[in-house]
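Visitor: Listed below are the residues making up each chain.
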Amino acid sequence: MNLSESLLTALDSLRSNKLRAALTMLGVIIGVAAVIALLSIGNGVTASINDEINAIGTNLIVITTNADNSDGYPTLTLADVVALSDPSRVPAVADVAASVGAGFAVTAGGNSTRTSVEGVTDNYFRVNNLEEVAGGGLLTENDVDTRARVAVIGDGVAEDLFPDSYPVGQSIKINGASYEVVGVLAPSGSAFSDTDSSVFVPISTAQARLVTNRTRQGEKPVSAILAQAANADVNEAALEQIAEVLREEHGIAYAAEDDFQLLSQADLLDTAGQITGTLTAFLGAIAGISLLVGGIGIMNIMLVSVTERTREIGIRKAVGALRRDILTQFLLESVVLSLIGGIAGIILGWIIATIAGRAIDLAAPLDVGTVVLATGFATAVGLVFGIYPAWRAAGLRPIEALRYE
Amino acid sequence: MITMRNITKSYHMGENVVHALRGLDLEVREGEFLAIMGPSGSGKSTLMNILGCLDTPDSGTYLLGGEDVSQLTDDDQARIRGRRVGFVFQQFNLLPRTPALKQVALPLMYAGLTREERMRRARAALERVGLGDRTDHRPDELSGGQQQRVAIARALVNEPNIILADEPTGALDTHTGEEILALFEELNEQGITVIVITHDPDVAARAGRVVWIRDGLVDHSRDGATALVARVGNPPLTTEEGGIPSRATTKGGAS
Ligand SMILES: Nc1ncnc2c1ncn2[C@@H]1O[C@H](COP(=O)(O)OP(=O)(O)O)[C@@H](O)[C@H]1O
Ligand SMILES: [Mg+2]
Chain A
16 MNLSESLLTA
26 LDSLRSNKLR
36 AALTMLGVII
46 GVAAVIALLS
56 IGNGVTASIN
66 DEINAIGTNL
76 IVITTNADNS
86 DGYPTLTLAD
96 VVALSDPSRV
106 PAVADVAASV
116 GAGFAVTAGG
126 NSTRTSVEGV
136 TDNYFRVNNL
146 EEVAGGGLLT
156 ENDVDTRARV
166 AVIGDGVAED
176 LFPDSYPVGQ
186 SIKINGASYE
196 VVGVLAPSGS
206 AFSDTDSSVF
216 VPISTAQARL
226 VTNRTRQGEK
236 PVSAILAQAA
246 NADVNEAALE
256 QIAEVLREEH
266 GIAYAAEDDF
276 QLLSQADLLD
286 TAGQITGTLT
296 AFLGAIAGIS
306 LLVGGIGIMN
316 IMLVSVTERT
326 REIGIRKAVG
336 ALRRDILTQF
346 LLESVVLSLI
356 GGIAGIILGW
366 IIATIAGRAI
376 DLAAPLDVGT
386 VVLATGFATA
396 VGLVFGIYPA
406 WRAAGLRPIE
416 ALRYE
Chain B
159 MITMRNITKS
169 YHMGENVVHA
179 LRGLDLEVRE
189 GEFLAIMGPS
199 GSGKSTLMNI
209 LGCLDTPDSG
219 TYLLGGEDVS
229 QLTDDDQARI
239 RGRRVGFVFQ
249 QFNLLPRTPA
259 LKQVALPLMY
269 AGLTREERMR
279 RARAALERVG
289 LGDRTDHRPD
299 ELSGGQQQRV
309 AIARALVNEP
319 NIILADEPTG
329 ALDTHTGEEI
339 LALFEELNEQ
349 GITVIVITHD
359 PDVAARAGRV
369 VWIRDGLVDH
379 SRDGATALVA
389 RVGNPPLTTE
399 EGGIPSRATT
409 KGGAS
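In order, the protein sequence lines correspond to chains A and B.
Just so you know, we're using our numbering here: the first sequence kicks off at 16 and counts up by one.
Just so you know, we're using our numbering here: the second sequence kicks off at 159 and counts up by one.
Simulated from the structure, these hints should not be mistaken for laboratory data.
Each hint should be verified, as a subset may be incorrect.
Stated by the list, open to error - So, partial list: chain B residues that the calculated Cβ filter (under 7 Å) puts toward chain A:
| # | residue |
| --- | --- |
| 1 | L212 |
| 2 | L230 |
| 3 | D233 |
| 4 | A236 |
| 5 | R239 |
| 6 | G240 |
| 7 | F245 |
| 8 | N251 |
| 9 | L253 |
| 10 | R255 |
| 11 | P265 |
| 12 | M267 |
| 13 | Y268 |
Where a beta carbon is used, it is the ideal one built from N, C-alpha and C, also for glycine.
Chain A on its own, in the form it takes in the complex (with noise of 0.2 Å):
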């Protein structure tokens, strides 16, 4: 008999009793329905702390103090940035952005505001991804050189200070001093950064009338330089040349510490990957769960069906059945039931991984290899917990298959 005849054999004796392939089909219905929409969900989840990762910019490595080794003080200075700005020295940074900044009261007309004042340097904003405008422009290299009294405020400041009028050719108060609005920021909504409440004004600017502290040395700080690598493969020679330069910048002894400390984006893309992967891989392994709970059901199904239809068994070896040929009937039987079930729980496990998405506010794709680990997993738990069964009615003899009542 061959495997088509088989498998409209088993089909037939599945639809002869509909309601108990259907309950069986339940076990890898909810097992697959529970892998797709977990793994969905922990591919959305992914997917947005990456875009998150993503937004802040492309191949940046943020140098701010080591506070460990710098009692106290902070340790870059605008000396730095100007060192790092020199191809010769750091041939792997494209371009180095700074930024100093304090929390400010900033008022306009009867209205005021708590935020933080970042001084700029003009390129920050093509380094951080901040370029797109709701009005006005941004900072340019002029207003650094000559300390304009110009900024640029966030969509969230503008609408705190301005709420009736359009912000760009105003004028806002910090500390004591007023500065025109030259721009406001397009709302990020990022969760990584809070520019949508923030003020930039030029470093230089800030350096003169709203940095307080200084260095060590007595020199006026910046809180923290944006250097972005060439490209991604460049990274970790940025990182060593980077540190190269500004120990030497900052004479440090061949034994001692940093005083500064480097994080990258690409090891920030790394570490929210191992977190991700531990929970996708977490989710999955739940989702294994419940799918073996499903193949233990069809196993337990399946033998009570054969133990039920042990009479048929019987009857189709005493008209000429060979043992294949029911061992073929009884897998087909398992893995047509996890196949459709499979498919079924495809289908559920998307319209929750939806849903779900929906309520936590993520996009929980639906990747084709989810779907196909999904199917071949019910597949295979078809056939791993249908070997059993299948062996057993097959071994039966028929005269006792037919004497049993």
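For chain A, the structure is supplied; the task is to place chain B with the ligands on it using the hints.
Guide: Here is chain B with the ligands on its own, set in the frame of chain A:
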């Protein structure tokens, strides 16, 4: 066609051993209509199962059409059952919820015939037993006699050399039993060897030969006519063994 020599078969049930066949010899010629009689528990069904390759003897030789089939593997036995022997049971043994045509085609499926060929031959077999108009009926939609006809059609469909029937009329009323029997006679006239286990002396009377089994051995054997004479003329030989019920005597006397 069939030669059995010194066939033994015992059943072990814990400590107890039941010797169902104790060295039985049997010879069946091609085209015979053989009735097997004997008291309950004498080993008739055991013999029939071995004849039909549903079971293997513990010892002895069984030649079917010249081939030794006494110690075959399960699958080789299955092939013989599917192609050379047709089996009819007292309890019909039809598949539940399955239409007659499919029931009858079942052996052909396992024999590997194409779907069209199976349906054609199954239909022909059903017509042969007078059920050409019942192909789509399922067992629960058929009478006992019709169910047994379906079973006979299924036994016939592979065009076997032998049909074995273990008390085929046991679950049927007298009239229906008669019809089934007539069917076996008809098949025998068409050349098929028929072996029937029965308690009914009328059946025995219509058989070409009757073999009495007792305690796992052939007690004696006579041809059908002699059996009839014995039944009419002499007191039954085996009444106390259940071989010939008393009803037979009165009925026989009236004829
Ligand atoms: N599967 C079995 N297990 C144990 N004993 C059996 C089995 N089949 C038959 N027997 C015993 O073997 C003897 C012969 O049985 P059987 O061939 O069915 O007799 P008959 O068909 O003539 O009534 C009986 O004593 C019966 O109890
Ligand atoms: Mg019996």
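Visitor: With a cut-off of 7 Å on the beta carbons, see whether R239/B makes it to chain A.
Guide: At about 5 Å, which falls below the 7 Å cut-off, the nearest Cβ of chain A leaves the hint on R239/B intact, so it holds.
Visitor: Does L212/B pass the interface check with chain A, least Cβ-Cβ distance below 7 Å?
Guide: holds, 5 Å
Visitor: Please verify that hint: L253/B, Cβ, nearest Cβ of chain A, below 7 Å or not.
Guide: holds, 6 Å
Visitor: Against chain A, with CB atoms and a cut of 7 Å, does the hint on M267/B hold up?
Guide: It holds, given that the least Cβ distance between M267/B and chain A is near 6 Å, below 7 Å.
Visitor: Would you check whether P265/B satisfies its interface hint, that is, whether its CB is within less than 7 Å of any CB in chain A?
Guide: holds, 4 Å
Visitor: Hint check: is the beta carbon of D233/B less than 7 Å from a beta carbon of chain A?
Guide: Hint holds; D233/B Cβ to chain A Cβ min 5 Å, cut 7 Å.
Visitor: Hint validation: R255/B versus chain A, beta carbon distance must be below 7 Å. Holds or violated?
Guide: holds, 5 Å
Visitor: Can we keep the N251/B interface hint, with Cβ of chain A closer than 7 Å?
Guide: holds, 5 Å
Visitor: Under 7 Å, Cβ to Cβ, is where A236/B needs to be relative to chain A, so tell me if that hint holds or is violated.
Guide: Holds - the Cβ of A236/B comes within 7 Å of chain A, reaching about 5 Å at its closest.
Visitor: Please verify that hint: F245/B, Cβ, nearest Cβ of chain A, below 7 Å or not.
Guide: holds, 6 Å
Visitor: Does Y268/B pass the interface hint, meaning its C-beta sits closer than 7 Å to a C-beta of chain A?
Guide: The hint holds - Y268/B has a Cβ within 7 Å of chain A, the shortest such distance being about 4 Å.
Visitor: Under the criterion of a CB-CB separation shorter than 7 Å, is G240/B in contact with chain A as hinted?
Guide: It holds, given that the least Cβ distance between G240/B and chain A is near 2 Å, below 7 Å.
Hint compliance for this structure: hint 2 alone is broken.
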